[in-house]
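Starting from the given sequences, assemble the full structure and let the hints guide the process.
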Amino acid sequence: GAGVSQSPSNKVTEKGKDVELRCDPISGHTALYWYRQRLGQGLEFLIYFQGNSAPDKSGLPSDRFSAERTGESVSTLTIQRTQQEDSAVYLCASSSRGGYSYNEQFFGPGTRLTVL
Amino acid sequence: DAKTTQPNSMESNEEEPVHLPCNHSTISGTDYIHWYRQLPSQGPEYVIHGLTSNVNNRMASLAIAEDRKSSTLILHRATLRDAAVYYCILRGDNYGQNFVFGPGTRLSVLP
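Protein sequences, first through last, are from chains V and L. Going by my numbering, the letters in the first sequence line up with residues 35 to 150, in that order. Going by my numbering, the letters in the second sequence line up with residues 9 to 119, in that order.
Since the hints were made in silico from the structure, they are not lab data. Even glycine gets a Cβ: it sits at the ideal position worked out from N, Cα and C. One or more hints might be untrue.
[As the list claims (entries may be wrong)] Between beta-carbon pairs, the in silico distance windows are:
1) V/Q117 x L/A73: 39 to 45 Å
2) V/E138 x L/K77: 19 to 25 Å
3) L/E53 x V/S92: 23 to 29 Å
4) V/G74 x L/E24: 25 to 31 Å
5) L/K11 x V/T148: 29 to 35 Å
6) L/S49 x V/T47: 18 to 24 Å
7) V/E48 x L/E74: 52 to 58 Å
8) L/N62 x V/E48: 50 to 56 Å
9) L/P29 x V/K51: 41 to 47 Å
Here it is in structure tokens:
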């Protein structure tokens with residue numbers, strides 16, 4: 035079946051502009067995660083959605099970052115007034131059962147964001 | 009967050025076994041040990057996970073020390089496609105909903 039998809043695959047923007055990144059999780063997966071990966075580094079957790087529960091936003095680095103998810107479908111990560119340090123690959127993952135120690139996450143290919 | 013320690017890089021010859029170590033001396037009793045790998049220009053993919061007993065699947069084997077303070081991911085026969093960054097992650101009830109990915113081990117496979 036279809037995996038997690040993300041769009042766009044690449045985004046180049048100018049400093050100060052807003053960007054929206056989209057994630058389509060695997061159908062039926064209730065849990066959705068956003069991560070950021072800077073060049074040569076590991077993944078940083080940003081935000082987690084589980085069904086209709088309030089999202090865990092503890093990883094968002096500043097109030098310029100926000101994310102929404104409608105039900106158990108598409109999610110959008112928005113970065114306002116982008117800065118050069120926002121340049122990274124933004125990865126989305128979904129899981130059929132969030133909140134369990136043994137659950138497996140399925141990752142999308144990521145969106146590479148470059149802020150000039 | 010419970011930390012894991014992995015070598016920065018390792019090298020293997022094609023068709024030879026590879027043993028990727030991970031130390032997690034502060035692991036607690038309910039923590040699962042997960043391994044993911046990230047191929048170049050792709051998102052991470054699940055490899056294997058375990059709690060106490062050794063585990064095998066079609067991709068790899070996971071050997072867990074008796075005291076659970078370390079584990080080893082075993083690729084029985086490395087192929088060029090196995091060249092990736094391998095992440096060892098602890099997952100438990102105390103860590104919230106996210107996975108904490110460290111820098112991982114970059115595995116190079118030589119033909």
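Consistency of the hints with the structure:
1. V/Q117 x L/A73: 39 to 45 Å: holds, 44 Å
2. V/E138 x L/K77: 19 to 25 Å: holds, 24 Å
3. L/E53 x V/S92: 23 to 29 Å: Hint holds: Cβ distance 25 Å, inside 23 to 29 Å.
4. V/G74 x L/E24: 25 to 31 Å: Taking Cβ atoms as reference, V/G74 and L/E24 lie about 27 Å apart, which means the hint holds.
5. L/K11 x V/T148: 29 to 35 Å: The hint (29 to 35 Å, Cβ to Cβ) holds, given that L/K11 and V/T148 are roughly 31 Å apart.
6. L/S49 x V/T47: 18 to 24 Å: Between L/S49 and V/T47, where Cβ atoms are some 20 Å apart, the hint holds.
7. V/E48 x L/E74: 52 to 58 Å: Given range 52 to 58 Å: holds, Cβ gap about 56 Å.
8. L/N62 x V/E48: 50 to 56 Å: Since L/N62 and V/E48 have Cβ atoms about 52 Å apart, the given range 50 to 56 Å holds.
9. L/P29 x V/K51: 41 to 47 Å: holds, 44 Å
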